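Protein chains: 2
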Amino acid sequence: MSTQAPHPTLLIPGPIEFDDAVLQSMGHYAESHVAPGFVKTFGETLTMVRKLFQSTNPAAQPLVISGSGTLGWDVVASNLVEKGENALVLHSGYFADSFATCLETYGANATQLKAPIGDRPSFEAIEQALKEKPYKVVTVTHVDTSTGVLSDIKKVTEIVRRVSPQTLVVVDGVCSVGCEEIAFDEWDLDAVLTASQKAIGCPPGLSILMLSGRAVETFKARKTPPSSYYSSLANWIPIMQNYENLKPSYFATPPTQLVHALHTTLSQITARPVSERFAAHRQASDRVKAAVADLGLQQLASKTENQAHAMTAIWLPEGLTPPDVLPGLLKRGVIFAGGLHKEVATKYIRFGHMGVSITDPARGDVEKAIAALKESLADAKKAKGL
Amino acid sequence: MSTQAPHPTLLIPGPIEFDDAVLQSMGHYAESHVAPGFVKTFGETLTMVRKLFQSTNPAAQPLVISGSGTLGWDVVASNLVEKGENALVLHSGYFADSFATCLETYGANATQLKAPIGDRPSFEAIEQALKEKPYKVVTVTHVDTSTGVLSDIKKVTEIVRRVSPQTLVVVDGVCSVGCEEIAFDEWDLDAVLTASQKAIGCPPGLSILMLSGRAVETFKARKTPPSSYYSSLANWIPIMQNYENLKPSYFATPPTQLVHALHTTLSQITARPVSERFAAHRQASDRVKAAVADLGLQQLASKTENQAHAMTAIWLPEGLTPPDVLPGLLKRGVIFAGGLHKEVATKYIRFGHMGVSITDPARGDVEKAIAALKESLADAKKAKGL
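If you read the sequences in order, they're chains A and B. Mapping to our numbering: the first sequence position 15 is 15, numbers consecutive. Mapping to our numbering: the second sequence position 273 is 273, numbers consecutive.
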C-alpha cells in the first residue's frame, strides 16, 4: 500500500510517479548543509551518480546543483565553449532550439543540423558537418522530450572521435538518464546533463551532470574565465570534490531535502545492475508501441531505431486535439502530456513510461494507461462524430 | 507533538527548523507542472510573495526560480546591469565580495565600499560614493550572514533617490526576508533577492526575487540581450506572469514539491500581519543579545543599530575556537554554525534565531540554546584551563 494520498497516475515525460521511500526522504528534518551527516549523504550521492553512468574513471566529475534541468545547458555553454567558438547542435526536436539559444547567449556560434520532425540528423550529415569547420562541442539530445526521438549517442561519438577527435561530445540526457543505456566511459562521452525528475525518479529541482576528464581539462585550459557565475565550474568542481571526499564545503546552499531524495532513488537504482533497468524500460516500451500500433496510431518518431524507450509521442487521429483526449484519460485516472513541439503541438500527445511505473510492474500503470487511451480515444471520436 | 524524527535543533543562520506542515508539503505526490492544480498553487505562491514584501503595486514582479539563493545574484547581474556599467557594492561582510565577483563575471565594473568587520559603510560614505560616478545599481546586503551586520536599506534608498535617483537599489535579502521589516513599495526598493531556507522557513532550493516596475523597465530598455540564459528575465517574467494568471507555461520544470512547501509557509506567514512577525524576531533578538552580554561576550556587529534580529555572530573568548564549543552545543541538542568570514572564521560562532524557533515559543528553542551556550562555554574554558 502506498503511503501517498490518492491521485491520478502521472505518466508524462517527467515529472513522474515517485516511490514512497523517495517521497518520504523529501520530508527529512532540518540539517546543516555542512554537518557530517549531510556531507556523507551528498558525498555518497555523487559517488552513486558515477555508478548510474557506469563510470569508473576517477578523472570523470559528477555534479549535482540546485536548479532545473535547463541549468545544465548553462553549465555547458558558459564553461566548455568560449566566445566565438563553434558548436554543432544536432536537432531532433524543440530542445535543440533552446540549447542553441543558450549556447549563443554565452557567445558560441551555434550551427543547427536539423532533421524533419520525428527524425534525427543522419550519420552522413553529421560526418559532413564535422568536416566543414572545427567545432568545440557537438551537442545531441539523447531523447527529445518534445518528439520522443532517440539519438544514437554511441555512434555519434564514434563519428566525432574519428573525424574531429578533440571536439567535445555533449549529451542532453534529461529524458534518457536512468532509462536509456549510457556507458559514459566506454562510449567516451564528454558531458551528459540531466535533471532529477525524469527516469531518475526524484522530484524536480536538481541539475545533474557528468563530465569526462577531457571536458574538465578543456575547461581548465580556457583562455577566458567562465562566462557565468552560478553555473561556473570553477565554483562547483571544488565543492563536489570536497563533498565526495566527505569534507564540508560552501559555495551555495544545497537543497538538502532533494539531495536526500536523490540519495534514496540512486540507492534503489544502483542496488541492481543498471542493465536490468534499461531492459525493463525497453520491454515496456515494446508493449506501449505495439498497443499504439494496434490502435491504428502513428508515432512522431517514425523509425524503430529512432524511438525512445521511456516515452512515446503519439499523433492523434485527424480531427482530434489533446483537449479532446486528455480529460478522458484523467477521468480514468491517468495523466498524459499534450504536444510540446510548437509546429505541431495541437496534433499529438505524449505518454511517459519510466521509473517506478516500469520497475514496479505490480502497479499496473502501463496497462491501465493503454486501456484508458483506448477508451478515451473511442469516446473522443464518438463525440466528434469521427 | 512534531511528526518529525527526533533531531538536534538547527539554529544556524539557515537552513532552519521547519514547521511540520511545511515539511509534509515536501512529500506531495507527483503532479504535472502545467496541470491546473499545480498552476493554482504556484500562482497563489507568487501572489503571497507580494504580501510578504508588503507590496500592492501591480508593476512589481515576484519570481520563484529553482536554484540556491546565490542564483539571485546572477539574475541581477545578468539582467539589470550591462557590460561596462558601474555597480556600487556596499560591503558588510563576506557576501558582498561574492556579489561583486558575480557582477564582474557579467561585465559590470563593481566598486566595493568596505567597512571594518562588524560594521557597514556610513551614510556619508555612501552619499560621497554616489556623487563620484554614475552607478547603474547599488547593492546592499540587508543582513550579512557572515557577520550578522544589519544594513539600513530604507535610509540607503533615501540617499540613492536623493543623490542618484535613477540608480537601482538592489537588496541581498537572503538572511532578512521574513524576519526583518521590508516595505518594498513604500521604501521604493528595486530588487530584493532571497532564498527559501532562511526566515521564510522552507527547505533550500528556491531563489526568490521581487522586482520593482522601475527594475522591470530598466531590464526592458537594455541595449544588449541578457547575458545569461537560465537567469534571463526574458525567459522567466512571462512564466511568472502566466502562472500568477493561472495559465500553464513552460521554460524549465519548476520544483513542484518545494513550491508546495513555499505555499504552505507563506500561507502561514501571511495569515497574520507581517509586522507581528518582525516584532517577534526583534523581541527574541533582544533576549539573545542580552544573554550574550550576560556571558561577557561581544558580537561581531558592534553597534545596536547594526545588529541583525534573526541571527547573532558571537566572538568566542580568547583561546577558544568553534571546534571547542560546537560539540558541547550538539551534545545539548543544539546546532550553531562556525564562522564564515574568512579573515576571522576561527574566532566566532553564529546563532540563527528565526522562523518557527521564534514564532512558536512553546518550542523553547531560544532558551534551550542560551542555556546550552552557557554550559558549553564553561566546559570549553575548563577543558582549556581558561
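Incorrect hints may have been included.
It does not matter which identical chain is used: a pair holds within one copy or between any two.
Claimed, not checked - Within a straight-line C-alpha distance of at most 30 Å, the following computed DSBU-like cross-link-like pairs (lysine-lysine) qualify: (1) K83 - K223; (2) K83 - K220; (3) K40 - K83; (4) K247 - K83; (5) K342 - K40; (6) K368 - K40; (7) K247 - K342.
Quick caveat, the hints were computed from the structure, so don't treat them as lab data. From a predicted model like this one, the values you see are computed outputs, not experimental measurements.
Since the copies are identical, ignore which copy is meant and state whether K247 and K342 lie within 30 Å (CA to CA) inside a copy, between copies, both or neither. between (46 Å within a copy, 17 Å between copies)
Should K40 paired with K83 be assigned to within, between, both, or neither, using CA atoms and 30 Å as the limit? neither (38 Å within a copy, 41 Å between copies)
With identical chains treated as interchangeable, where does the CA-CA distance between K83 and K220 reach 30 Å or less: within a copy, between copies, both, or neither? both (15 Å within a copy, 24 Å between copies)
Since the copies are identical, ignore which copy is meant and state whether K342 and K40 lie within 30 Å (CA to CA) inside a copy, between copies, both or neither. between (44 Å within a copy, 24 Å between copies)
Homomeric proximity label, K83 with K223: Cα distance no greater than 30 Å: Answer is both; intra-copy 10 Å and inter-copy 19 Å each pass.
Reference check for the pair K368 and K40, CA-CA at most 30 Å: within, between, both, or neither? Answer is between: at 28 Å across copies they meet the 30 Å cutoff, but 40 Å inside does not.
30 Å Cα cut-off: does K247 pair with K83 within a copy, between copies, both or neither? Close neither inside one copy (35 Å) nor across copies (37 Å); limit 30 Å.
The structure fails to meet hints 3, 4 from the earlier list, while all remaining hints are met.
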